[in-house]
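Q: Listed below are the residues making up each chain.
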Amino acid sequence: MAPFIHFDQVTKSFGSLRVVDNLDLRVEKGEFLSLLGPSGSGKTTLLMMLAGFENPSQGSIRLDGTPIENMPSHRRNMGVVFQNYALFPHMTVAENVAFPLLMRGVGKAETVRQVTRALDMVRLGHLKERRPAQLSGGQQQRVALTRALVFEPTVVLMDEPLGALDKQLREHMQLELRDLHRKLGLTVIFVTHDQSEALTMSDRIALFNAGRIEQLDTPEGIYDRPRTRFVAEFIGETNLFEGVVRSVANGTAEVSVNPRVTLRAENPAGIAAGAPILISVRPERVHLQTEAGAGNAVPVTISDHVYQGDHVRTHLAGQDLSLVAKIERRAGIGPIGSAAFACFDPTECTLIEP
Amino acid sequence: MGPSARSRLSAMLLVAPLFAFLAIFFIWPLVTMMAVAVTDGTVRVVLPQTATAIASWDGQAVPSKAVQDALVADLRTPSEQLAFGDAVRRLNSEVSGFRTLLGRTVTAVRQAPAGQQVDLVALDPRWGENNFWLALQRSMPRYTDRNLLAAIDLKRDTAGAVVADVSANRTIMLRTFTISLMVTLLCAAIGLPYAMIAAASTGWVRNLLLLAVLLPLWTSLLVRTAAWVILLQNEGLINGFLTTIGIVDKPIQLIFNRTGVVIAMTHVLLPFMVLPIYSVLLGVPRNLMPAASSLGATQWRAFRHVLLPLTLPGLMSGSLLVFMVALGYYITPALIGGAEDQMISSVIAFFATGTANWGMAGALGLILLTVTIALYLVYGRLSRSPQMVGA
Chain A
1150 MAPFIHFDQV TKSFGSLRVV DNLDLRVEKG EFLSLLGPSG SGKTTLLMML AGFENPSQGS
1210 IRLDGTPIEN MPSHRRNMGV VFQNYALFPH MTVAENVAFP LLMRGVGKAE TVRQVTRALD
1270 MVRLGHLKER RPAQLSGGQQ QRVALTRALV FEPTVVLMDE PLGALDKQLR EHMQLELRDL
1330 HRKLGLTVIF VTHDQSEALT MSDRIALFNA GRIEQLDTPE GIYDRPRTRF VAEFIGETNL
1390 FEGVVRSVAN GTAEVSVNPR VTLRAENPAG IAAGAPILIS VRPERVHLQT EAGAGNAVPV
1450 TISDHVYQGD HVRTHLAGQD LSLVAKIERR AGIGPIGSAA FACFDPTECT LIEP
Chain B
34 MGPSARSRLS AMLLVAPLFA FLAIFFIWPL VTMMAVAVTD GTVRVVLPQT ATAIASWDGQ
94 AVPSKAVQDA LVADLRTPSE QLAFGDAVRR LNSEVSGFRT LLGRTVTAVR QAPAGQQVDL
154 VALDPRWGEN NFWLALQRSM PRYTDRNLLA AIDLKRDTAG AVVADVSANR TIMLRTFTIS
214 LMVTLLCAAI GLPYAMIAAA STGWVRNLLL LAVLLPLWTS LLVRTAAWVI LLQNEGLING
274 FLTTIGIVDK PIQLIFNRTG VVIAMTHVLL PFMVLPIYSV LLGVPRNLMP AASSLGATQW
334 RAFRHVLLPL TLPGLMSGSL LVFMVALGYY ITPALIGGAE DQMISSVIAF FATGTANWGM
394 AGALGLILLT VTIALYLVYG RLSRSPQMVG A
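Protein chains in written order, with this note's numbering: chain A, 1150 to 1503; chain B, 34 to 424.
If we strip away everything but chain B, and leave its shape as in the complex, we get:
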């Protein structure tokens, strides 16, 4: 082994922990969640013989005796209760009534003596209908797009065509982007002047301004959100102050609505806007504004033509940061918002912890990730295009 190869190897060893960390805590969970979103093993696990038999069925007439026998054989085999329950739930979501049909069938099949043929159609006429068999066939493949389709309010009908589904996912997704955009714009509107004042000031004033931004960052998100509950509620400090000085005669509704969510999220996310702008401003030479002024620019034009274009990278990365973080917000809308202000994270949490539907949780996460990456690419394209300022 040559010395250069050895040094390359030791360099690789040095960064190996980083790669391991990334793989374990970032790539693996991400891939798992994405895989969960598109795999569909529940029915297949419980009915393995049926899965093989029904795969080649053309979907025209009622399946052959062989397929029916495979199903009977599968149902005879005692399976784990939990897995069977999952499979039933899965099938019932395809065609309602599958639960009772399957319950009846299982009871009948298991009561029949071993080796005796069971005629399914005779047992229940519904086995003579194609749509139950179709549902069975549809839920067999290892990979499925139903979670992804459901995440954007679509489903496949019995014929396999993509049709609209009744659900609020699109609305909630749109709401998530709307709230995030509002918060980003507000953060930019407050953060840009704030960072400029902080960068222009010196000594204790600058330290105080930075501390006011950093202190919330060091405080628990839950505590900050709870503090906003105290401030915003009807008997809270803000309404108390407003009624005392007589601006309003009865408390204005600031909590459990969109206003409260946007106010609290803007406050919580402001540091992510201020800090990138501030650091960019520190790199702008101090004499550029006097130079612009000496060349005949009023303060406003010097700001517009010189300081603002130079601040733009900070503003862009701050906006991106705030927007991305806002997309995933969960606690603040949950505590301060009403039912109409819940964001996509609460839906994901509902599927993940409420109904243990990891497939849907993963699919919603995947859609969110895809849209976010798409926005990021658009942003990257926009921010790379040259800014024409001046002549």
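In isolation and in its complexed conformation, chain A is listed as follows:
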């Protein structure tokens, strides 16, 4: 079966700059897909091509198997939520939400009915007659969302829609959006540069870098099993060790990091001995113990503590390595300058080919 949305070898160039580089992406119906990446990585351009505001320089975009790259944006039936909402300032909230229905020639009574129902759903029914400028950021956001959903679009595209909201409201809207997605069975493509937003809401995340997708995976996959150094460093925080695979046995690789330290890591990809490799370990997987255990254990000295409320970031140094550990407050931590073993299980180590 053809995918619902298929970017087939799509390239977009502005002059000599390739913003989207020979990209292949398939989106399933009903999926919540986040396009995550630093600014300028091509994620917004991809969204604009899908909405019909930009044309691909090469390649084809297919919706349900039909190429749409030559279809004008007003016929694509895609609901777009813009970064700054793009509400029409001269229209009331109700007129804004009614706009797509007016454009589709929906009758007056039916329009009023649908607008009322849609605004009630986002609890804005009482603000119908206000102008966008008289609303708070969160309310404007909900109006923009309602306007993009009221005409039952085939796909909903969102371009950093929560970027302008403060942290608390943003987290609230994240949950609200996720609920709406589940309730209405929408296909959502969501552009963001905020990784926690992507991790919270998405079914899958496409991590962009320089016009290419570095990794397309579930939030768990992308966090726990980063495939490239860029992914490991972009998502969350990680300790990276460069080394060489010395031997491979029982799906576990022994990696020599420096003459004094050898670490073991799971090797599901079957990387052969002798290959240069990176090991990624998340700080929260590192424990401090007074004695070496069965897993990896590096003798270190505690060089700093940073109190973070729910945990303590501990900087460790020793054996020509430095690493960071996130330690729960309840676990007793020795004072700065004291010696300990930094322990982490081989199953918590991800091997990345450099």
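A few of these clues could be false.
Some, not all, of what chain A presents toward chain B, calculated at C-beta under 7 Å [what the hints assert, rightly or not]:
| # | residue |
| --- | --- |
| 1 | A1235 |
| 2 | M1252 |
| 3 | H1436 |
| 4 | Y1456 |
Bear in mind the hints are in silico, worked out from the structure with no lab data behind them.
Bear in mind the structure is a predicted one, so any value in this text is a computation, not a measurement.
Every residue, glycine too, gets a C-beta built ideally from N, C-alpha and C.
Go by the hints and put chain B onto chain A.
A: Same frame as chain A, but now just chain B:
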């Protein structure tokens, strides 16, 4: 003095130069011109005793001996030649023949020995007619509406009723508004798309488009108008081009007629239309048109429902600006128009510098100002009413 009072005082001192400037260069000349339009001191100054005496005359029979004596006394007193001439001209415009009557009377009165009674009716039988005395009485009051009435082609007849007068002021006033309206509409038709293209473009294209609008603004109006004379005349560039490529076989008349005036004025006033629209467009968020398109609007409907309503304030203020400035145009119609294209300013200039009739000049200015303010108020009411767009 408390600190707040002192700070208020220093604030007042800071804006005082502005108020002084406004008072000296705006309010004072305006008030003076308005006052000149409604005051009528010329006859009164020359014949002060008559003014007092005739004020209570009922206008029925020939005035009493006292009034006649007052006039004789006034005429005996030598007055300044210029002021007397003004007074005579003023009286003659009320009733023709007053000039000769007064000339004769003055000569006779001044030749009579001092102290001797002069019988005016015996001197000239016209003094026995009421209408000369009525004219005298009518021109005595300090304030008059004759200039204002004359400005809109009206006058008072001998009985004091308002009747129509033969003059072209109304026609010229109407022509002024017609030409200004035509220029405004043309400026809107050209300026709106121009501003939209300028606002949508970037880099050197935008700079070039803006420069093309601003450069004429920095050039003298006279130079711009003279340039249009060169372009529009029968042997000019436009007619030369048209005949060369064979669209017309003989030059079309573009100068010394309405077409030329409207073309030149539209060009000269275009910046006042483009710049307000342009600045409004810069404030319109860039993503509104894509948003409308994504919501199902074709380009035309997105323009009509979103961009145009948002541009309307700029279009309105641009139109107002162009219209107001066009109303006062003088040089361009004078140089490019024919006799039938002169606007109200040239009539005002004629009265002010040609015949030194400041009263009429002021009255025409006052009428123009009144009509303009009325239009402005209507415009303000219209532009404040909410625009219902969308559902």
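Q: Hints first: check each against the structure and report whether it holds.
A: So, going through the hints one by one against the coordinates:
no. : hint  : verdict
1   : A1235 : holds (4 Å)
2   : M1252 : holds (4 Å)
3   : H1436 : violated (49 Å)
4   : Y1456 : violated (43 Å)
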